[in-house]
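These are the residues of each chain, in order.
Protein chains: 2
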Amino acid sequence: MPDARFQPLPGFRDFAPQECAARNYLFDAWKRVARRYGFVEWEGPTIESTELYLKKSGGELPTQLFRFKDQGERDITVRPELTASLGRIAAAYQREYTKPLKWFEIGSCFRYEKPQKGRLREFYQFNADILGESEAGADAELIALAIDCMRELGFREGDFIVRLSDREVWLGYAAKHGIPEDRTGDFLAIVDKFERDRPEECQRKLDAFGMRREDLVAFIENPPADCSPRYSEVLAELDARGLAGYVKLDLSVVRGLAYYTGLVFEIFDSGRSLRAIAGGGRYNTLVKALSDGAADMPATGFALGDAVISHLIEQCPHAKALRDAALQPNTCDIYLALADPAQRPALLGLASALRDQGYRVDLALSPAKLGNQLKRAEKQGARYAVVVGEEYPQLELKNLSARTSATVGIDELFAALANDPEEETISE
Amino acid sequence: MPDARFQPLPGFRDFAPQECAARNYLFDAWKRVARRYGFVEWEGPTIESTELYLKKSGGELPTQLFRFKDQGERDITVRPELTASLGRIAAAYQREYTKPLKWFEIGSCFRYEKPQKGRLREFYQFNADILGESEAGADAELIALAIDCMRELGFREGDFIVRLSDREVWLGYAAKHGIPEDRTGDFLAIVDKFERDRPEECQRKLDAFGMRREDLVAFIENPPADCSPRYSEVLAELDARGLAGYVKLDLSVVRGLAYYTGLVFEIFDSGRSLRAIAGGGRYNTLVKALSDGAADMPATGFALGDAVISHLIEQCPHAKALRDAALQPNTCDIYLALADPAQRPALLGLASALRDQGYRVDLALSPAKLGNQLKRAEKQGARYAVVVGEEYPQLELKNLSARTSATVGIDELFAALANDPEEETISE
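Those protein sequences? They're chains A and B, same order as listed.
Under this note's numbering, the very last position in the first sequence is 498; numbers go up by exactly one each time.
Under this note's numbering, the very last position in the second sequence is 498; numbers go up by exactly one each time.
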């Protein structure tokens, strides 16, 4: 346990090397999957003009922003999310890339919220977005990517569920029930809170529209067949990919944010013991709004945070086993141990030569007993220790996992390393 | 060129995919080298209590901080550098790691400065530090790492120079010239500004110590032999590593910051056309100060920014050629092209199977002409296109670089891909 006297600010985290390796395990998995799907990485600035977020949210800003005046009196915000920057940058660069754009990003976001399980003031988000393609193929590609980001971490069918919904269905429902267009947003907000509000509270809100909660319950529990053509198309595409078992239609999902325009989804652990793991959907009008009409691209995207999923890994034995195996300490391929201080220059030259070949090499930086050096080698998970002593240029090559030892010359050392059948694991 | 209407804030940058790939090229190189040296990655929070930076700088804070009051009235700062967090985190976690700690970090830093070439308001720093080892071997290991971070990017001897200095030499000089200890800092500040101040300005400052500028010039230009035993030791270690040609003793380097305690260094392009590329040195008392005495670790470290080095790559033909070759667009291994719309489910199933094997696969998300699909395949640098048509499960496998084509079954497809002699380049 870290010394409690040296804490970061509340809601912020320190990543000492072990924690950083666990973080990188997530990042590496998401990057691998995104690249397999043909997505390319982008990154925006950590701080943007607050105006950009005002444009995105249509004038109503959330209250949890890290929003400040900078030394030049600019109204700036440390980014709470990535989609506003994405829209701005996509508008700026759209002419340089063939559409559809398949872009991903992993970066820190900041929200001044009450820190609690799965909710932090600085957290990482993996964002993936497809811009410039309005067809269901793009929604399916994106949802498949989200599912594979989970599968890559060892989660299986049954561990989590993608709850798919379609705001178009609710817009049709609202129209059919005579809700005027300018009040549709208020109605969607009721549906959005449907699961969280107490029934009487929900009914009180519905009274304004002359609606009964039980009708909504019935509609959500038994949605009309083919109520969402888009959902049916996406389901067929996911089925062809072998991924239909990961999704279900769940019209109670609306996604609070005003800018979503069609298919939306959220990923939850099957036991619903945690907050949403990921969320996203179509936002066909946002890029146009962010660019004041200069760029008009239909879009679909999602964000997956690092905090909730880390809790889920702890809860899920096969995901945890996969991660723990990946985090075995192995920060060194070859440890160079010095048995004769006079040979330190030879050892250093050897270190450079091995590192130039891509091997991860460590060595004692000050005089140390041979036994202690070899202990450090084991601690770092080194595959080999090479002892440089007075017999140099003869060396002792110890295979620490096989517990074998041999006397070799320098050329033989390089040959032995190059011919190691597990070679791939010991260099980059 | 990006559309100028959609700029980030001044001094901040957008990384559209091409720019992000260039950024990642730097990050990947530094991470590779750090790992070869047995360094492990850590990360601190982007925002810290301002008090931490006050502790570090001994009460005098720089004026360019992004320093604010948060919603809970805390005095917070968006980090201007990484060493303060490192000291705090190392103090918190020191019992969990065997010393010496060899830690590296790559992260954004923020300074409210006038944006200009090589100087931004948000920039990346690669930081590497060795904590818990006071011997010269640690300084040499760290400087060798810095040199190899440059070599990995294609820079050669003669492209850049590590200017090594030793503050102990100046402390001895100050003592010898009767400067009282409490004024040594003022004296070091004069030496620090020696190259930038006009000679008369420098002399005016030296008057306070009854010193003549020409004596300083003579001392810097012809330092006494073995004036710095630490420098001699480090040079011998670098020589044994084959890296002595990259360094020179240059006592005009002092490093402004008060916390440096011994050997310091800066890396410059040989033509001195740019600002410093990197800087660092020993800070043996800082961790103790940051932890109010709880952790006392000698330390040495350096920071290397991404902005100046990017300019240097542009100036240096062999470094630029290496980078440009690494940035060839190749975001896809296999492009799946659809010749018969009825076969889309087959194509999607194939995409999943190939992606599950680690291949980077792309496909059209909505109906498109075969010719356009194949154009997109080429644009993404795909090695193969696989055409799925009415002959499915027979497929047409096109090798886009070799410009060959063959009809294959599904099993043959996987076999052909697995046996590709350039296989390593087409999967992860």
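It is worth saying that the hints were derived from the structure and are not from the lab.
Note that the structure is predicted; figures quoted are calculated from it, not measured.
Hints are not guaranteed to be accurate.
[As the list claims (entries may be wrong)] Straight-line distance between alpha carbons at most 25 Å, and here's what the computed PhoX-like set of lysine-lysine pairs gives:
no., chain 1, residue 1, chain 2, residue 2
1, B, K184, A, K169
2, B, K169, A, K439
3, A, K468, A, K125
4, A, K139, B, K184
5, B, K169, A, K468
[Unchecked claim] Okay, the calculated bits of chain A under chain B, using three or more residues with CB under 8 Å as the criterion:
no., region
6, 86 to 95
7, 424 to 431
Built from N, CA and C at the ideal position, the CB exists for glycine as well.
Now for the hints, and whether the structure bears them out:
1. Restraint check for K184(B) and K169(A): the C-alpha separation of about 36 Å exceeds 25 Å, so the hint is violated.
2. Note on K169(B) and K439(A): the hinted pairing holds, with a Cα-Cα distance of about 15 Å set against a maximum of 25 Å.
3. Between the alpha carbons of K468(A) and K125(A) the distance comes to roughly 63 Å, so the proposed pair goes past 25 Å and is violated.
4. For a cut-off of 25 Å, the pair hint linking K139(A) to K184(B) stands: about 17 Å separates their Cα positions.
5. Simply put, K169(B) and K468(A) have alpha-carbon atoms about 23 Å apart, close enough for the 25 Å limit, and the pair holds.
6. Counting residues of the region 86 to 95 of chain A whose C-beta lies closer than 8 Å to any C-beta of chain B gives 7; at least three are required, and the coverage claim holds.
7. With 5 residues having a beta carbon nearer than 8 Å to a beta carbon of chain B, the region 424 to 431 of chain A meets the requirement of three or more and the stated coverage holds.
Hints 1 and 3 from the list above are not met by this structure, while the remaining hints are.
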